[in-house]
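So the sequences go chain by chain: P and V.
Heads up: the first sequence begins at 1 in my numbering, then just goes up one per residue.
Heads up: the second sequence begins at 467 in my numbering, then just goes up one per residue.
Hints should not be assumed to be uniformly reliable.
The calculated DSS-like cross-link candidates involving lysine-lysine, where the alpha carbons are at most 30 Å apart (straight line), are [what the hints assert, rightly or not]: (1) 670(V) <-> 886(V); (2) 319(P) <-> 787(V); (3) 204(P) <-> 670(V).
Not the full set, but computed from the structure, chain P residues with beta-carbon under 8 Å of chain V [stated by the list, open to error]: (4) 38; (5) 52; (6) 54; (7) 58; (8) 277; (9) 290; (10) 353; (11) 356; (12) 359.
Simulated from the structure, these hints should not be mistaken for lab results.
For every residue, glycine included, the Cβ atom is placed at its ideal position computed from N, Cα and C.
There are 2 protein chains.
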Amino acid sequence: MMPLESIFHSQLGFPLLATASDTEAAPMVLAGVLLSLVFIYLASKLGGELSQLVNLPPVLGELVAGVIVGVSALHLLVFPEAGAIASDSVVITILQKIAGLNPESIGEVFASQSEVISVLAELGVIILLFEIGLESDLRELQKVGVRAAIVATVGVVAPFVAGTLGLILIFGMPTIPAVFAGAALTATSIGITSKVLSELGQLKSTEGQIIVGAAVIDDVLGIIVLAVVASLAKTGEVDIANVIYLIISATAFLLGSIFLGQFFNKSFVAIAEKLQTRGNLVIPALIFAFSMAFLAHAIHLEAILGAFAAGLVLDETDKRKELDQQIIPIADILVPIFFVCVGARVDLSVLNPSSADNRQGLVIAAFLIVVAIIGKIITGWAVFGKEKVNRLAIGIGMIPRGEVGLVFAGIGAASGVLDKPLQAAIIIMVILTTFIAPPLLRFAFGSEETAAQEAVKEADLASTNN
Amino acid sequence: MMPLESIFHSQLGFPLLATASDTEAAPMVLAGVLLSLVFIYLASKLGGELSQLVNLPPVLGELVAGVIVGVSALHLLVFPEAGAIASDSVVITILQKIAGLNPESIGEVFASQSEVISVLAELGVIILLFEIGLESDLRELQKVGVRAAIVATVGVVAPFVAGTLGLILIFGMPTIPAVFAGAALTATSIGITSKVLSELGQLKSTEGQIIVGAAVIDDVLGIIVLAVVASLAKTGEVDIANVIYLIISATAFLLGSIFLGQFFNKSFVAIAEKLQTRGNLVIPALIFAFSMAFLAHAIHLEAILGAFAAGLVLDETDKRKELDQQIIPIADILVPIFFVCVGARVDLSVLNPSSADNRQGLVIAAFLIVVAIIGKIITGWAVFGKEKVNRLAIGIGMIPRGEVGLVFAGIGAASGVLDKPLQAAIIIMVILTTFIAPPLLRFAFGSEETAAQEAVKEADLASTNN
């Protein structure tokens, strides 16, 4: 059997790039994807296992392994968007040695296989959020809803104000880039934190639920902040109507899907039970998750928000355990692609102090890192209520910016608002907050484990007494 | 959290297409993929379930559903390689309504999302062959090895000779297009047949093993035939050295991987048992399967041949059952993409007899179909040995050409060898053989079920008597 590609690309593979080379280029895309996946999986397993051995969360090892195979070191996994060209990629070099492609084909294969890996990584984070939604207990989440909202709001306002003012007052920076850098401090990477929480078995704890809830709300706020600063950067003024639209639609989407989900639940179970063919549970679940992800995207929110809402809804069904079981292998093969790719895209060369740009960036970075960490850690103390919670753990859980911060840096760079040192500073801040959060979180939960256990005992006593 | 795409594409999304539109186009690719997957999954489940209801194999329903959502009817899933442009795609039209992309972005989004879906479909067939390898018993396959080889050889030689001579002698066709059309008759689609066999519970029967073995060998022969006729079409002469290379490398690859696999087995189990993190079994298995698929591709064989060999090797480990269990959900979400896409790519408009080209094509098609069916059915009677086998079922199992035949048609069309009527005839032959094989196969196994059961009883008696 021949790969399907050969026939398809023989006619009109790429709209503007239809050349005779397409016939030879097309099967190469599949080969490139296969080889990239082998490198990604090897890196994720090596990194994850080593991390586990030294008692750190596996996801941290996957990120570091991603950095090692990525643009900073081995070049096994590089992406054209970061400015890399085909000859920078070891995968393409190997394909080239095997097939002797012509230069046009090389560029096309490189772009196509990078696109496929990028989308697989995004499907990975969608499945991750779906799985997190499945594991999150809606009633638990509702219990922490108000507290999560406060944590999220403090975690957006504090670093934004401190960062922006600090850059203007201390570094004498113009307002617009300072606002942009401040905005980059507001994000929280739900992917990394929730993976670590899950690995620590803390996803369902009160702290875990507050962090996840706050990170989701932070996502919503982050979308709004980005829309605001992007329009500020573009036009010099803020589009109030758009800001209001984003706030209302995001809130309505989450609450609406949870509300409608109560009715949808029973139909879902009924459908899954009627289906006779293979995939009777997992395919309807993915149809729902992908539809919700698409819907969220269609109303200008984020796909992952939809996947998370879908998981929350299906969590309430009788089929939950069975579905959990079937989603695990799917998540196992897709989620590592996301984390390794996040690592692979980080360019550590901005840390090299021999360049003057980098030195200036390092000083600003140091400031941003301090604001980023303190601005989020204080959120733990915004939690009210009688229940004893691990405030430090909540604050630390909000620290990692992950890929979200990189998006701010990228859009800022593309719009010309951020100069090189400020870009470098934001990237360094993102790297550091992403990498320190997992071990700190483990430490925060570990060190207060006794206290938490005591709190549980107290709570048990209290409920027994009632 | 923002999609990663936005940052990456803001710089240099496509090598030759870097425009300001990239920033808005990039998250649209993910949206397009999500929507396409929703359509694919809906089609596969509806088709599969309806097919099951009327007692036909689900995979046939998936194919038909693919035709309905594809280029022939609903246009929910169309591919640029068949000549479709962005505005033909309902997915792109929906994206367009949501986001109002500019014309350049549309073409780019259409090409990228089609590329991603194509690669997902190919990963689907790779996982399918890996799963079939896992389910195939190597010792059983070795038992049927010689018989499978004979079936495959007869199934390649008979339709090729009859088809080529018939086209020359009856239709007065020139030699080279006749040879090409004859070559298109030789293929066997292992994907469709083995899925049906698996659904009928016949994959591990002697007949099932002969069919799968013969289909694998047919793949190898098909690669060689394609290489030969392609070089014939290009240069007018056959490259003997290449033919010999292909025969030796394909045989060496399969036998070599099975031989080395005996030693690799134990290391694989040892590694999987040592790993502590999630995906400890499925990720090493996929690393192995994808590496083998890449290796097969690298030595100019087919990726699916490598995946099948990998499955055969891992089938012999103690972890087989656990691995089977974990591969199922992965196959459930990837394999339907393959079958729906095969259906979606079939253009039924070539069946419309109102065009003169189509009428001429239909006559040739009728001839090709007869040769295609008879040429494969006789292979059942090439099976020797004392054991009583269902010869009709074996012959029918070899009938479907599936996507393999479409590849021949595509390459022939691209090289200019095949004119429109002959192209149409080959496509009709492929469609019909693909669609009739599953119900016929079910009939053949059903009608001779009693005979087969008697044969089993006889065999039991014989073994008891010994």
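Right, here's what the structure says about each hint:
1. 670(V) <-> 886(V): violated, 41 Å
2. 319(P) <-> 787(V): holds, 23 Å
3. 204(P) <-> 670(V): Violated - the C-alpha atoms of residue 670(V) and residue 204(P) are around 45 Å apart, more than 30 Å.
4. 38: holds, 5 Å
5. 52: holds, 5 Å
6. 54: Check failed: Cβ of residue 54(P) comes no nearer than 12 Å to chain V, outside 8 Å.
7. 58: With Cβ-Cβ at 4 Å, under 8 Å, it holds.
8. 277: holds, 4 Å
9. 290: Since the shortest Cβ distance to chain V is 5 Å, the answer is holds.
10. 353: With a closest approach of 25 Å, the residue 353(P) hint is violated.
11. 356: violated, 23 Å
12. 359: Status violated, d = 24 Å.
Hints 1, 3, 6, 10, 11, 12 from the list above are not met by this structure, while the remaining hints are.
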